[in-house]
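Peer 1: In terms of the working numbering, the sequence shown is residues 3 to 142.
No lab work stands behind these hints: they were computed from the structure. Hints are not guaranteed to be accurate.
List of simulated lysine to aspartate or glutamate pairs, DMTMM-like, C-alpha gap at most 20 Å [stated by the list, open to error]: (1) 19 <-> 114; (2) 80 <-> 96; (3) 80 <-> 127; (4) 116 <-> 127; (5) 141 <-> 96; (6) 80 <-> 39; (7) 19 <-> 62; (8) 80 <-> 59; (9) 141 <-> 62; (10) 19 <-> 127; (11) 141 <-> 34; (12) 36 <-> 96; (13) 141 <-> 114; (14) 80 <-> 34; (15) 116 <-> 59; (16) 116 <-> 57.
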Amino acid sequence: LFRARTTSSATLTGYQKLSGQLFTLRLGPFAEWKFTDNLSLAGSVGLTLAPATVDYDFSESGSLSGGGTYAASGHSSKTQLLYGPYVGAMLRYDFNNSWGVYVGARFQNLTDLKQSIGSHTARFDPGMTVDGTAGISWKF
3 LFRARTTSSA TLTGYQKLSG QLFTLRLGPF AEWKFTDNLS LAGSVGLTLA
53 PATVDYDFSE SGSLSGGGTY AASGHSSKTQ LLYGPYVGAM LRYDFNNSWG
103 VYVGARFQNL TDLKQSIGSH TARFDPGMTV DGTAGISWKF
């Protein structure tokens, strides 16, 4: 029985970068409930529209132990409207007619964006996000 086994080694290096910008616009109703003259709770629910502009770059190179080489690179840009639901709430306390404080949170869930160059694919998935806000208000 004769067996032959060939082993070769290769070195492959690669780089991928996904960058861009995401803007959001929220459309939906807003309601405020006053518990006292100074304390209120506001809530909102609706649709988030999020235009996204994304650039995808990659480069890779390889070399075989026998001396062969391989190199590939690419760039792609894509603009797409992402969307999804949001819900938010804000608690507010007014010290007087001019000054107050507030704290709030918002949850949203957006669709994703896939971008391909040949057999290379990148995915931007903002998914579910929660953000918070707090501050001091001054009415004039």
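Peer 1: Which numbered hints are broken by the structure, listed smallest first?
Peer 2: 2, 6, 9, 13 and 14
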